[in-house]
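Engineer: Chains B and R, in that order, give the protein sequences. Take the first sequence: its letter number 517 is residue 517 in this note's numbering, and every next letter is one higher. Take the second sequence: its letter number 690 is residue 690 in this note's numbering, and every next letter is one higher.
It cannot be assumed that every hint is accurate.
Since the list gives no way to pick one copy over another, a pair counts as held whenever it fits inside one copy or between any two copies.
With a Cα cut of at most 20 Å, we get these calculated PhoX-like pairs of lysine-lysine [as the list claims (entries may be wrong)]:
| id | residue 1 | residue 2 |
| --- | --- | --- |
| 1 | K201 | K689 |
| 2 | K120 | K156 |
| 3 | K678 | K689 |
| 4 | K61 | K201 |
| 5 | K124 | K62 |
| 6 | K464 | K733 |
| 7 | K733 | K232 |
| 8 | K677 | K201 |
| 9 | K733 | K678 |
| 10 | K464 | K384 |
| 11 | K626 | K733 |
| 12 | K232 | K736 |
| 13 | K111 | K626 |
| 14 | K62 | K79 |
Calculated directly from the structure, the hints in this document are not laboratory data.
The lines below spell out each chain.
Number of protein chains: 2
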Amino acid sequence: MKKTLLFFHLLFIAAVACAEDGYTLWLRYNKVDDQVLLQQYRSKINSIQFTGNSLTLAVAKKEMLNGLEGLLAIPIADKKTISDRSIVTGTPLTSTFIRSFLSEGNFDLGKEGFVISTKKTDQKNIIIIAANSDVGVLYGVFQLLRLLQTHQSIEKLSIVSIPKIQNRVLDHWDNLNRTVERGYAGASIWNWHLLPGYIDKRYIDYARANASIGINGTVLTNVNANAMVLTKPYLEKVAALANVFRPYGIKVYLTARFSAPMEIGGLKTADPLDAEVQNWWKQKCDEIYSYIPDFGGFVIKANSEGQPGPQNYGRTHADGANMFADALAPHHGIVMWRAFVYDARVQKSTENFGEGKADPSAPSIASSDRAKQAYDEFKPLDGKFRKNVLVQVKNGPVDFQPREPFSPLFGAMQHTPLIIEFQLTQEYLGQATTLVYEAPLFKECLDADTYSKARLNDTVGQGKGSTVAKVIDGSLENYPATAIAGVANIGNERNWTGHPFGQANWYAFGRLAWDHALSSEQIAEEWLRQTFSNDQHFVIGTKKIMMMSRETMVNYMTPLGLHHIMGTGFHYGPAPWVDNAGRADWNPVYYHRADSAGIGFDRTVTGSNAISQYAEEVRKQWEDVKTCDEKYLLWFHHVSWNYKMKSGRTLWNELCYKYYSGVDSVRWMQHTWNGLKKYIDEERFEQVKMLLAIQEKEAVWWRNACLLYFQTWSKMPIPASYEKPDHDLQYYKALKFPYAPGNGGNL
Amino acid sequence: MKKTLLFFHLLFIAAVACAEDGYTLWLRYNKVDDQVLLQQYRSKINSIQFTGNSLTLAVAKKEMLNGLEGLLAIPIADKKTISDRSIVTGTPLTSTFIRSFLSEGNFDLGKEGFVISTKKTDQKNIIIIAANSDVGVLYGVFQLLRLLQTHQSIEKLSIVSIPKIQNRVLDHWDNLNRTVERGYAGASIWNWHLLPGYIDKRYIDYARANASIGINGTVLTNVNANAMVLTKPYLEKVAALANVFRPYGIKVYLTARFSAPMEIGGLKTADPLDAEVQNWWKQKCDEIYSYIPDFGGFVIKANSEGQPGPQNYGRTHADGANMFADALAPHHGIVMWRAFVYDARVQKSTENFGEGKADPSAPSIASSDRAKQAYDEFKPLDGKFRKNVLVQVKNGPVDFQPREPFSPLFGAMQHTPLIIEFQLTQEYLGQATTLVYEAPLFKECLDADTYSKARLNDTVGQGKGSTVAKVIDGSLENYPATAIAGVANIGNERNWTGHPFGQANWYAFGRLAWDHALSSEQIAEEWLRQTFSNDQHFVIGTKKIMMMSRETMVNYMTPLGLHHIMGTGFHYGPAPWVDNAGRADWNPVYYHRADSAGIGFDRTVTGSNAISQYAEEVRKQWEDVKTCDEKYLLWFHHVSWNYKMKSGRTLWNELCYKYYSGVDSVRWMQHTWNGLKKYIDEERFEQVKMLLAIQEKEAVWWRNACLLYFQTWSKMPIPASYEKPDHDLQYYKALKFPYAPGNGGNL
């Protein structure tokens with residue numbers, strides 16, 4: 001009786017002990033709550049046998065012990081020899097047993113892959129985690145823990161996993177003053193002031209989280225770069241972070257400010273063909289590598305949005321990139337040169353916004369359509385970059401909109417390795433308050449077929465099957481270096497991402513960077529099970545919410561191919577009426593081109609002809625208004641308000657339908673979430689509930705503001721069956737949010 | 001056997017469950033780890049009997065249950081009737097039993113006081129928590145939990161506790177963009193963008209922490225105020241916070257920008273004697289109270305450091321304050337009018353800095369010494385303020401320096417209630433990286449005797465015993481309103497204050513605001529036991545560190561009465577050489593006045609005569625260089641380098657001694673802390689260890705930079721027995737920290 005009471009007390013303590021504040025992300029190792037499964041797991045695992053003693057293997061072992069002891073709620077023995085019910089780990093270098101195992105299996109694991117396998121050896125049932133490298137073991141450890149976290153069977157394991165892309169990188173747009181450009185989760189996690197002396201535990205947990213999903217690089221600083229990070233005091237700070245991340249297989253990168261030789265080097269020029277400048281960068285790289293021997297390289301934003309670059313000196317992007325490449329090459333560093341270019345020196349006119357108007361003093365190429373500029377500037381440079389240069393291309397040709405077609409550059413640079421850049425932080429996707437699961441957006445782009453004239457073995461000369469994913473992972477062209485980048489959505493809020501579901505986008509990015517063949521649904525399910533609960537009702541319901549969330553947002557923000565109609569500067573909320581921004585292509589009216597005749601940007605041959613940047617097969621899908629996928633309709637065509645859509649509705653009525661159905665979907669998401677209350681902790685349930693209520697208000701705001709504004713052109717009524725907007729257009733136009741986050745020092 | 005194993009497993013879970021990340025502050029309810037005591041506690045408490053059902057009593061009950069179940073690790077029954085081993089709580093309104101108990105005991109508890117008492121009634125042993133108000137019960141609940149947290153006996157309880165000061169307020173210098181002026185713990189915890197829809201759990205835990213130490217007011221916004229917080233969208237956000245805080249007895253205050261009638265009201269003037277302006281503020285107050293019926297009032301910084309104020313219109317501080325007072329009076333709000341004034345319109349000259357040089361166009365009073373200005377401006381206004389105006393005075397006459405004598409205003413305003421303002425955030429006390437326990441600083445000021453001609457019953461006409469504390473708590477003058485303010489050191493870092501020991505200053509401020517008779521040691525011990533461990537070795541060792549920490553910092557920063565010799569702008573690090581700041585009294589050289597003859601600011605009759613602002617008895621303590629307490633020596637006197645100190649050393653050698661002993665003390669603190677590793681969690685142990693290592697470096701920096709600079713005047717050697725500075729003065733002068741936190745958007 002007394003013992004039973006004590007039992008109860010102990011259970012009680014375990015239950016009340018920890019708040020579900022989201023800090024642990026998907027690395028929750030709570031006891032498996034399915035009793036049958038728990039017994040099964042315990043019958044298979046009661047110890048580990050870990051060989052090797054590198055820093056990486058030490059953290060892998062610690063993670064393994066911590067994870068197993070949490071999940072199985074039993075002490076896990078640390079064995080010196082192989083025993084029954086043991087997890088046996090190692091590499092050919094650390095273990096003869098593993099060496100034999102790998103060589104017998106003839107596994108092709110590369111540098112980072114791993115195998116997880118159940119095996120009976122000498123009457124002992126064991127689970128093997130083997131890899132060629134220590135970090136491969138670490139990845140295998142996280143994968144095994146994920147199996148337990150997500151309640152998978154471990155009866156017969158035979159998993160071989162190899163990353164498809166080499167460099168899987170998070171880009172932080174974090175400033176040295178701890179503000180985060182387009183950050184919606186508090187301050188930067190990098191506390192530069194306290195580095196190198198103070199190592200925040202967050203740095204370690206950041207590395208754990210990234211390693212658990214295979215992310216192996218981090219760009220610490222904003223692409224709008226500050227040269228100071230390249231000075232000695234900051235390199236010491238960067239080195240301290242690199243030391244934390246190294247055991248987790250994560251390399252550190254920095255953004256290089258093109259004009260740094262002038263700003264911190266005292267030179268009179270930053271001309272990339274100037275020998276003194278080249279030498280300065282060589283010496284700077286030597287210095288960096290003296291602090292960080294495995295430094296990854298530079299990310300560079302040049303001649304874009306006012307950033308300095310080679311065009312300031314009449315040089316090309318290739319000239320600029322190659323200078324950095326030469327300085328980094330002796331140390332095996334790479335250059336990630338961004339193709340997101342639209343130089344502030346062009347299109348200064350705000351009046352003649354239909355036609356990009358070049359500043360006559362600017363030597364750079366001015367496109368008649370901002371969607372064309374990256375291609376216009378980079379296509380001619382294909383093949384002119386050094387081998388350690390990768391050109392970093394945003395998924396779409398404009399700027400991380402809720403929906404864009406893939407960037408035409410992905411089908412156009414056969415001689416240059418390309419990085420795809422996704423944005424995890426939701427600059428244009430509702431920012432801090434919107435539940436939007438981005439994997440479907442990532443996949444839509446990765447799976448898109450560029451029909452580039454690439455040399456797939458089975459389709460020589462035809463191009464079909466030349467998906468963006470195959471361009472990026474190098475399988476089309478056999479590039480020596482491949483990479484993928486995600487702009488981080490991480491800040492110092494307790495749960496890292498502000499919105500609890502922001503974590504899913506970090507997770508999904510990492511998982512797809514490792515294996516872009518994974519489905520959005522599969523990743524959502526994994527994440528939900530690890531992060532919240534394995535309860536079937538919860539997983540099914542919440543997965544539905546996640547899977548519909550991106551289309552829902554597109555519907556109430558920018559349906560049918562609309563884009564870039566958000567508020568100026570902060571990019572918060574709708575503002576399709578704005579026509580007075582600092583340059584033509586910052587104005588929503590530049591993009592939607594609504595007039596009394598219709599709406600949409602004609603990018604066919606009768607308009608900007610941006611469509612000509614795609615392969616013929618791609619053009620054919622979109623160039624005819626009658627056959628164009630309606631999700632891209634207004635991206636490529638200016639369409640009459642009366643145009644009959646596939647639904648039978650007029651364009652105007654279809655627009656109304658989309659906007660209203662977007663709001664309805666948010667309400668459905670709210671309803672569904674409310675029904676799942678009993679399955680998870682109160683803290684996160686309430687957080688999401690409050691955020692969904694805000695999202696519903698914002699969805700109504702988007703819908704009403706956009707339809708009331710477009711109505712001033714269409715002169716058509718919102719169908720009477722819909723709820724009426726509760727404010728007039730003037731009300732929406734008058735709203736001001738000077739302290740919206742993510743811009744100009746606002747947090 | 002099986003049961004024993006399960007036992008073990010459960011214990012194991014409980015042990016690994018939660019990280020000690022500091023988020024829970026001193027409200028840790030971990031199981032009592034002294035088995036004897038645990039059994040004693042359990043034998044006295046197994047249930048509660050809670051009467052009443054207000055929101056305040058609901059949170060008190062939840063806290064009580066949560067706390068007891070955590071500490072005692074048993075389920076606590078929630079009884080309807082009084083039972084043996086029950087904690088019986090209530091007020092005269094909620095319980096006839098409590099009504100009888102209070103009336104029999106004839107307790108004088110006021111609005112917020114409480115009594116905790118053991119009692120045997122009808123053969124039942126119970127613990128009573130009784131108060132006149134619901135919030136009194138809440139305070140009693142936290143006090144009882146504190147007894148258990150700190151391992152006190154609860155055998156015979158007879159505690160009566162009443163706060164000595166009515167309004168115990170935290171001032172947040174938080175901006176609407178989530179930066180925090182002089183904040184060193186990340187971003188503001190107020191996420192204005194997500195309010196009112198999203199209630200961060202932090203808001204609730206903030207309220208719990210404050211209520212647990214008796215803080216009952218919070219000023220949400222920076223004294224350098226933004227009028228926008230007074231607009232409708234922000235008042236809705238403020239109201240949401242007020243709703244969270246109300247159950248915890250915490251009122252919300254805002255800072256009022258003096259020019260708001262012009263900036264958001266469209267008026268042409270903000271003249272406090274203009275009827276339209278007065279009316280605007282009356283209406284604004286009516287509006288505020290329509291959102292927040294228990295709004296506390298305004299804090300106003302006017303005609304100080306560029307802030308607008310009544311002097312812009314030729315009016316006095318009293319004219320300004322009274323306008324707000326009249327607008328707030330119908331709602332029972334108060335005005336906290338800051339006396340920290342040094343108008344930017346005076347002392348513009350940087351050359352003639354020995355004499356404050358008034359701008360001829362400025363109507364305000366220009367003092368020849370910044371230390372005099374608050375007195376000069378406010379003393380003449382004594383008695384001219386409305387009854388609901390309190391004048392808020394910083395502890396010292398300059399600005400939150402490591403050591404200042406108390407402000408002379410505390411002895412000079414017999415007809416005006418004064419608030420004392422302390423700074424918990426360590427703007428001048430080493431900021432993010434310094435372990436400094438501020439209670440001794442607070443107490444030094446509170447216990448100082450103003451010898452004001454106040455009417456203490458037993459010392460009529462003599463003034464002795466007129467301590468600052470008695471001025472503030474109103475006992476000298478019987479003011480109807482009393483208040484104390486602390487500038488918060490709170491941000492959104494996981495542990496709230498960045499430095500784990502920053503929490504102690506928040507705690508100490510609250511405890512002293514409740515009862516300024518508590519000793520610094522007593523508060524340190526309470527805090528340590530609740531926050532870290534009850535282990536005697538740990539408590540004794542760490543208490544020593546805390547108790548010496550402030551004097552240590554004074555020694556290596558500003559010994560012997562030196563002050564204001566830190567870096568310009570950021571206030572980070574030493575910069576005694578600065579002589580080119582924007583105005584004379586921003587320059588360190590203005591304050592230390594080192595020259596070839598000596599060092600120090602002559603504030604006696606031969607100098608600025610600031611000493612004349614003190615009562616005669618106080619002046620006598622300080623005006624003679626021979627008898628002046630050496631800790632204030634250079635505050636009041638310009639002293640020859642060869643002056644013989646009480647130690648027998650020359651002033652120069654004494655200065656060297658102090659600076660070197662300060663660094664030695666930091667090293668002693670490091671050594672002591674390292675010896676306490678085994679007593680606490682690794683996470684916080686390592687945090688403090690890393691921070692102490694940074695502090696040691698910074699202490700050496702302060703010592704070397706200051707002595708090398710002062711040496712350029714003294715021309716005397718640093719005694720050979722000391723370690724030599726490892727850099728020269730030029731090195732220290734060249735150091736730049738453009739991203740030091742707490743200033744201009746840096747976090």
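Engineer: All hints are to be evaluated individually against the structure, with a verdict given for each.
Structural biologist: Hints, verified against the model:
1. For a Cα distance limit of 20 Å, the shortest separation of K201 from K689 across copies, 13 Å, qualifies, whereas the shortest one inside one copy, 30 Å, does not.
2. For the identical chains of this complex, K120 and K156 are intra-copy neighbours only, at 11 Å inside a copy versus 66 Å across copies, given an alpha-carbon limit of 20 Å.
3. In this assembly of identical chains, K678 and K689 lie within 20 Å of each other by CA distance solely inside one copy; the values are 13 Å within and 43 Å between copies.
4. Only within a single protomer do K61 and K201 lie at most 20 Å apart by alpha-carbon distance; the minimum there is 18 Å, versus 34 Å between protomers.
5. In the homo-oligomer, the alpha carbons of K124 and K62 never lie at most 20 Å apart, since the shortest distance is 24 Å inside one protomer and 52 Å across protomers.
6. Neither within a single protomer nor between protomers do K464 and K733 lie at most 20 Å apart by alpha-carbon distance, with minima of 46 Å and 66 Å respectively.
7. For a Cα distance limit of 20 Å, the shortest separation of K733 from K232 across copies, 17 Å, qualifies, whereas the shortest one inside one copy, 48 Å, does not.
8. Proximity of K677 and K201 under a CA criterion of 20 Å is satisfied inter-copy only: 17 Å between copies versus 32 Å inside one chain copy.
9. In this assembly of identical chains, K733 and K678 lie within 20 Å of each other by CA distance neither inside one copy nor across copies; the values are 41 Å within and 62 Å between.
10. For the identical chains of this complex, K464 and K384 are neighbours neither inside a copy (26 Å) nor across copies (87 Å), given an alpha-carbon limit of 20 Å.
11. For a Cα distance limit of 20 Å, the shortest separation of K626 from K733 qualifies neither inside one copy, at 34 Å, nor across copies, at 72 Å.
12. Proximity of K232 and K736 under a CA criterion of 20 Å is satisfied inter-copy only: 13 Å between copies versus 42 Å inside one chain copy.
13. Neither within a single protomer nor between protomers do K111 and K626 lie at most 20 Å apart by alpha-carbon distance, with minima of 49 Å and 76 Å respectively.
14. With identical chains, the CA atoms of K62 and K79 are at most 20 Å apart within one copy only, with a shortest distance of 14 Å there and 46 Å across copies.
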